[in-house]
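**Q** One-letter residues, chain by chain:
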Amino acid sequence: MSSSEVAIKPRVHYLNVDYGIKSWLLTTDHKRIAWLYLISITFFFAIGGVAASLMRLNLLEPQGLLVEPETYNKLFSTHGIVMIFLFLVPSIPAVLGNFLIPLMLGARDVAFPRLNLLSWYVFMAGGSLVTYALIAGGVDTGWTFYTPLSTMYLNTHVMATATGVFIAGFSSILTGLNFVVTIHKMRAPGLTWFRLPLFIWAMYATSIIFIIGTPVVAISLALIVIERLFHVGIFDPALGGDPILFQHLFWFYSHPAVYVMILPSMGVISEVVTALSRKKIFGYHFIAFSSIAIAVIGFLVWGHHMFVSGQSIYAGLVFSALSMAVAIPSAVKVFNWTATLYKGSISYEAPMLYALGFIGLFTIGGLTGLYLATTAIDQHVHATYFIVAHFHYIMVGGAIMGYMAGIHFWWPKISGKLYPDGWSRVAAIIIFVGFNLTFFPQFILGYLGMPRRYAVYPPEFQTLNVVSTAGATILGLGYIIPLIYFAWSIRYGAPAGDNPWKATGLEWTTSSPPTTHNFEETPVVTEEPYGYDRIAEEIQVA
Amino acid sequence: MIASRRKYKLHNSQAVIAEQFDDRTQQHEAASLGMWIFLATEVMFFGALFTGYTVYRNLYTTAFEAGSHLLNARIGAFNTAVLIGSSLTMALAVHAAQTGMRKRLMAFLASTMVLGGLFLYIKFALEWVHDYRDGMIPGLHFTYSGPHASHVAMFLCFYFIMTGVHALHMIVGEGVMTVLLIMAWRGEFSRESHNHIEMFGLYWHFIDIIWIFLFPLLYLLGAHY
Amino acid sequence: MPHAFPLFPQQASTLAPAVDHLFYFLTAVSVFFSALIFLLIFYFAIKYRRRSKDEAPPKNQVINNIPLEVTWTVIPMILVAIMYFWGADIFVRNSQPPPNATEIFVIGKQWMWHIEHTNGKREINSLHIPEGVPIKLTMTSQDVIHDFFVPAFRVKKDVLPDRYTSEWFQATKVGKYHFFCNQYCGMGHSLMRGWVYVMTPEDYQKWLNSGVSGTTMAEQGETLYHQYGCITCHGTGKGPAFQGLFGRPVKLADGQTVLANEAYIRASILDPSSQIVNGYPAIMPTFKGQVSEEQVLQLTAYIKSLASKERNTGTP
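Protein chains in written order, with the working numbering: chain A, 34 to 575; chain B, 12 to 236; chain C, 16 to 331.
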């Protein structure tokens, strides 16, 4: 029988069920919504990345190589606002969370699919307003919008940017709401809480933060807009306002926001480490509860951004103690992941490389957080390059590497295709090297005393700045490579098969890509997650 | 699937379950949990404003009392009664939906809309317009010349922002009620399936509770009755 | 001039070695745990690498060990507790300057620093101080939030509008050290910096007395006291007298008792009706917009100079 006589009907799945533009822009399929977010946030990542590149190029020279300080101030503001609000905060939740949560729960979709689509449109509305403000001339408040600078002393596009971020925040709130209800109410029969994948626990904790924290920053930004629009003095000391009140309101959200950015990555790492070492996760309950602990304690530490702001020393001491406490659950996770590797069967594909990189870099980032939580040291390193290095170790070395690990791990499921293994490993290594070269010198720069947000600097800081810029160049190249091969794989990649990693988890029991409704029949769960130990026994018995 | 596909059929005979749910109970529980979580976000949203209010009231107690005296507590009290009345009619609307009484549901929804509209009319046309004429709006028209004018202005800022955000929530509520009234008229609610009414009831009661906090904190500072 | 590649700023204050020692401890702990994790990952990744594509999952998987979990929870808790208490100790000890500290006044504005010594000597974007003497900076901003940061002293504090903040240090080494504005304040933020010149006490005295018109801050304050007519009330009993006032508790009309410090004096000048002293009528007009921050500091210096005099309500 020749191949032309055997007509194989192509399988219908969520990507090819309909190709029309309306079928994408009016979809309520959580998997398509994940794609909408994937494309949007990649666009915003590019904007934030260009801003960072220009910043680092400028910092090659102590007097500034490229731009005037006014422009530099807009660059670092753009970089922060876009990377945090328009890339990192949505990244894993809106892309991987949207795609995977119903699949991992054995559900057909999230609890409120139309609300899910609305979330994306709200996100695009906010993001578009921020982009418009950028094109119209940008903003130079810093992503922290401190008053009275942002309310009374700048004439850049503060209101448009603040409103854009305000709107985008509602996207997070609605997504968080959707996820919590989905996780509570749409689990497959037999899927009890302690049978849930740890990614779900991480997303649950993240969603709690979205729900409780985001509304507060929304009001903070709204008050700034009102102050500028109506020339009232909510934060103006001359009219009785308190600029420190703004800082409290702002950081009440913005500290938990950093846990929003790291918890989902931690969830991804839990999934990747266990699957690619074919070993049941070590300390499941400890990892699950540590996610909740981080979310809860994370709401109690915001004052550690304000040790030198004029806050009382007693408040400082309380916030310092709580900040120490929040480090412990993260340490517990790192040890449990490492113990999972023990006597595992470890393979080195890109997801595992990113996961191992995450564990190492997050460890460094987390440990440097302790320096900042220690009041006496923070008095020296606050608002220097030390903190810049610390948060980039967590946000880039941690969160973004976790995102990359997740995209590489679930790409076969999302697209039905495989990406080139060799190039993916090379890119992971390039990113790891470039990252460390960029940001490790910044710890030294910070302790030496170089302040952050400086467009020009004393000449003795130049060498370390040059090293950092060199690293940034490598890092940037590293990020471009996956963009290319993922796009390539959509057309030319080999078919992935249902479960290329031979991983456990409900998402791997359905086809790659899944059909629109995910499962032919609702699965029934009867066993613990990560059943690699059972697979080992079955093979042994067979 | 395409979002334009109607999820609910006309006529109240069959309760329809959205395709992501397995049964009516799951759909109802999900809607309920979703609305409670949304209300939690609203608590945090208003909570940030209450926090700012509390900080400044502590700092400028006398000025806040002076500012509060500028407001008309009688109108505020009447409006409070109006809003509580609208919560009563809303609760009766929910009950009508639960017992499958379509005309009664429509009547109570309409009553709630009327009372809510009355509240908004009083607030905007009778209070805010007069406040503008009396020079009580910081930033737009503020002519108060007593002591600590800037702190009195701070009080009035919070008054307008907090009642304004509250009023915005009520306006959204009026819009939603319009849609619900039309759906009720088309017979889309039944004894078995009336999630929208119940969930909106929760929202409306929440808006009422926020007002019950706003009224004494804004209108009754330093009051002696 | 060739110099070693520095990893640390110079230690030029009494605080610096203490902060650096704590830093070394944290670095030792961090290096230990980073190395531990890196080495374990490296070791496990190699030793337990998958040897064939179809290799089965390992048998006898250990997935729980409560004693281990407890150990690696408790040990980090102990270590962070040490960091916390050690840091808190330094922080609290350093929060209050010694009582005999020399006061210097700092006014930050976009984008420069005005600094005034009590003898009236002014400087811009530089700070001359003597070695071995505790220095207390009392700072305020005329516009947005700034921050006064001296890396070599390991200390910084935000400088706020409409309020005073302070930091103190005692320099231990003659030399010149950077100071930076360390709270983003707009266009000129990265240019808002200068040098701290630590001099021997003798050189400092010479510098302090050179080029000064001869009026101290307190003397300038006394001139303002007459010029703005403060004497008409405060010198006649209509308002509280200034003798023996500064640093003492004051009972207010609303029943509160407050300390007569810099913040109190400033608020009394710029917003007098917010703090009426018990027993006095609320008739003092505000001088907001008439008196600059520098003049407020000079008036405060004058009032401070009367602190040790006996209280009387007659004319001075």
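Hints in this document: simulated from the structure, not taken from any laboratory. Some hints could be false.
Below, simulated DMTMM-like cross-link-like pairs (lysine to aspartate or glutamate); rule was C-alpha separation at most 20 Å, straight line [to be verified]:
#, chain 1, residue 1, chain 2, residue 2
1, A, LYS535, C, GLU146
2, C, LYS74, A, GLU493
3, C, LYS68, A, GLU561
4, A, LYS376, A, ASP566
5, A, LYS376, C, ASP69
6, A, LYS376, C, ASP35
7, C, LYS191, A, ASP51
8, C, LYS62, A, GLU561
9, C, LYS188, C, ASP35
10, C, LYS68, A, GLU570
11, C, LYS68, A, GLU94
12, A, LYS535, C, GLU70
13, C, LYS253, C, ASP286
14, C, LYS74, A, GLU571
15, C, LYS68, A, ASP566
16, C, LYS68, A, GLU382
17, C, LYS68, A, GLU560
18, C, LYS74, A, GLU570
19, C, LYS74, A, ASP454
20, C, LYS74, A, ASP531
21, A, LYS376, C, GLU70
22, C, LYS136, C, ASP286
Being a predicted model, the structure only gives us computed values, none of them experimental.
**Q** Look at each hint and say if it fits the structure.
**A** To see whether the hints hold, each was checked on the structure:
no.: 1; hint: A/LYS535 with C/GLU146; in the structure: violated, 69 Å
no.: 2; hint: C/LYS74 with A/GLU493; in the structure: violated, 57 Å
no.: 3; hint: C/LYS68 with A/GLU561; in the structure: violated, 25 Å
no.: 4; hint: A/LYS376 with A/ASP566; in the structure: holds, 12 Å
no.: 5; hint: A/LYS376 with C/ASP69; in the structure: holds, 17 Å
no.: 6; hint: A/LYS376 with C/ASP35; in the structure: violated, 41 Å
no.: 7; hint: C/LYS191 with A/ASP51; in the structure: violated, 71 Å
no.: 8; hint: C/LYS62 with A/GLU561; in the structure: violated, 27 Å
no.: 9; hint: C/LYS188 with C/ASP35; in the structure: holds, 16 Å
no.: 10; hint: C/LYS68 with A/GLU570; in the structure: holds, 18 Å
no.: 11; hint: C/LYS68 with A/GLU94; in the structure: violated, 51 Å
no.: 12; hint: A/LYS535 with C/GLU70; in the structure: holds, 11 Å
no.: 13; hint: C/LYS253 with C/ASP286; in the structure: holds, 18 Å
no.: 14; hint: C/LYS74 with A/GLU571; in the structure: holds, 10 Å
no.: 15; hint: C/LYS68 with A/ASP566; in the structure: holds, 18 Å
no.: 16; hint: C/LYS68 with A/GLU382; in the structure: holds, 12 Å
no.: 17; hint: C/LYS68 with A/GLU560; in the structure: violated, 26 Å
no.: 18; hint: C/LYS74 with A/GLU570; in the structure: holds, 7 Å
no.: 19; hint: C/LYS74 with A/ASP454; in the structure: violated, 28 Å
no.: 20; hint: C/LYS74 with A/ASP531; in the structure: violated, 25 Å
no.: 21; hint: A/LYS376 with C/GLU70; in the structure: holds, 13 Å
no.: 22; hint: C/LYS136 with C/ASP286; in the structure: violated, 28 Å
Checked against the numbered hints given earlier, this structure breaks hints 1, 2, 3, 6, 7, 8, 11, 17, 19, 20 and 22; the rest are met.
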